[in-house]
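Using the sequences and the hints, build the whole thing.
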Amino acid sequence: MSALPSLHAPDRRARRRRTAGSHAPGTLASRIGLWALLACAAVLALAGLLPALLAPGDPLAVDPVHAFRAPGWGHPFGTDESGRDVYTRVVHGAGPSLFIGVAATVLGVGLGAVLGLLTGLGRRWLDAAGSRLIDAMLAFPTLLLALLLIAVRGPGVAGVVVAVGLSSAPGYARLLRAEVRRVSRSGHVEAARMLGHSPARIVLRHVLPGALGPLLAVATLGIGQAIVWSSALGYLGLGAPPPAPEWGAMLNAGRTYVTSAWWMTVFPGLAIVAVGVVATLLGRRFSAHLAGRSTGG
Numbered sequence: 001m002s003a004l005p006s007l008h009a010p011d012r013r014a015r016r017r018r019t020a021g022s023h024a025p026g027t028l029a030s031r032i033g034l035w036a037l038l039a040c041a042a043v044l045a046l047a048g049l050l051p052a053l054l055a056p057g058d059p060l061a062v063d064p065v066h067a068f069r070a071p072g073w074g075h076p077f078g079t080d081e082s083g084r085d086v087y088t089r090v091v092h093g094a095g096p097s098l099f100i101g102v103a104a105t106v107l108g109v110g111l112g113a114v115l116g117l118l119t120g121l122g123r124r125w126l127d128a129a130g131s132r133l134i135d136a137m138l139a140f141p142t143l144l145l146a147l148l149l150i151a152v153r154g155p156g157v158a159g160v161v162v163a164v165g166l167s168s169a170p171g172y173a174r175l176l177r178a179e180v181r182r183v184s185r186s187g188h189v190e191a192a193r194m195l196g197h198s199p200a201r202i203v204l205r206h207v208l209p210g211a212l213g214p215l216l217a218v219a220t221l222g223i224g225q226a227i228v229w230s231s232a233l234g235y236l237g238l239g240a241p242p243p244a245p246e247w248g249a250m251l252n253a254g255r256t257y258v259t260s261a262w263w264m265t266v267f268p269g270l271a272i273v274a275v276g277v278v279a280t281l282l283g284r285r286f287s288a289h290l291a292g293r294s295t296g297g
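The sequence shown begins at 1 in the UniProt record's numbering and counts up by one.
Hint data in this document are derived by calculation from the structure and do not stem from the laboratory. Certain hints may be false.
Said to hold, decoys possible - Pair by pair, the computed Cβ-Cβ distance ranges are:
{"id": "1", "residue 1": "Pro241", "residue 2": "Leu37", "range": "32 to 40 Å"}
{"id": "2", "residue 1": "Val114", "residue 2": "Gly33", "range": "35 to 43 Å"}
{"id": "3", "residue 1": "Trp125", "residue 2": "Leu34", "range": "43 to 51 Å"}
{"id": "4", "residue 1": "Thr259", "residue 2": "Leu236", "range": "15 to 23 Å"}
{"id": "5", "residue 1": "Ala128", "residue 2": "Asp58", "range": "20 to 28 Å"}
{"id": "6", "residue 1": "Leu37", "residue 2": "Trp73", "range": "48 to 56 Å"}
Cβ coordinates follow ideal geometry from the N, Cα and C atoms, glycine included.
This is how it looks when you write it as C-alpha cells:
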C-alpha cells in the first residue's frame, strides 16, 4: 500500500511542473499574450497619433438629421445629440486623452523623482521634512487632491494635467525614496564607497540605474490611472470644454441621454477601460521583467 503513492507522485509533480511552466514568461502562451498586448497598445497609439487613418471623418461635423442614431452600418458606434459620429469622436478622442495621461504622468514622475531623491539621498532633517510632506499629501485621496488643485488652478486641459500630475507625485516620491535607500545599502554600492568613488559617481552610476527601473514600471501603470482620473475630471465638466472629442467630456455630454442613447456613454467608457487595462498589463509585464532580471531569472 505504501508503494502506491510513490507510483503516482512523479505524475502529480510533472503535472504541477507543466501547469507552472505554462505561466512562465518564456512560454508560447505568454509570448502570444505579450504580442496581443503590444498590438492593442499599437492600435491605441495609432489612434492617438494618427486618428485620421482609423476614422477619416470630422469629429466635430454636425448632422442634426441623423441625431441619436443607434449603432448600425453607417455609424458603428451611433451618433450623438447633434448627429456627430460617435466612432469618429472616440477615435479622435484618443489623442487628447492620451496626451493628458502621459503629460500628467511625466509631471508626476518628474516632481516625485526630485522629491524622492532629496529625501533618499539628503541629510536626516531633509529626509524627515520631505517624508512628512509626502505623508501629508498621501493622506488625501488622489481624486480629491486633484479636485482641490484644479479649484485653485482652474478647469481646462492644462488644469487637469497639473492637478493629476501633482496629485500623483507623492506616490512616485515615496517609491523612489524607498528604492534609493535600498540600493544605497547594497553590496556593490558599499564596494564603490570602499574604492573611494565620489558620491556623485556612486549616485549616477550605481544608485540611479537600480532605483529608476521600478519607478518606470510604476509610471507605466500610472499612465492608465492618469487617464482614468483625467476622464473623471472631464466627466465632472472640469476638463476639455464641449464639443471637444475627449473621452471624459463625451461621458459628461452623454450622461443626460444614458437611458435613451446608451452608446454615447458606453463606447467612450469602454475606450477608457481599454487604455487602463493595456497600461496595467504592460506595467505588470515590465515589473515582472525587472524582478526576473534582478534575481538573475
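Going through the hints against the structure:
1. Separation of proline 241 from leucine 37 is about 34 Å and conforms to the stated range, judged on CB atoms against 32 to 40 Å.
2. Against the hinted window of 35 to 43 Å, the Cβ-Cβ separation of valine 114 and glycine 33 comes to about 36 Å, which satisfies the hint.
3. Restraint check, tryptophan 125 to leucine 34: a C-beta distance of roughly 46 Å satisfies the suggested window 43 to 51 Å.
4. Distance hint check for threonine 259 and leucine 236: the Cβ-Cβ separation is about 20 Å, which falls inside the suggested range of 15 to 23 Å.
5. About 56 Å separates the C-beta atoms of alanine 128 and aspartate 58, a value inconsistent with the hinted range of 20 to 28 Å.
6. Checked against the hint of 48 to 56 Å, the C-beta distance between leucine 37 and tryptophan 73 comes to roughly 30 Å, which is inconsistent with it.
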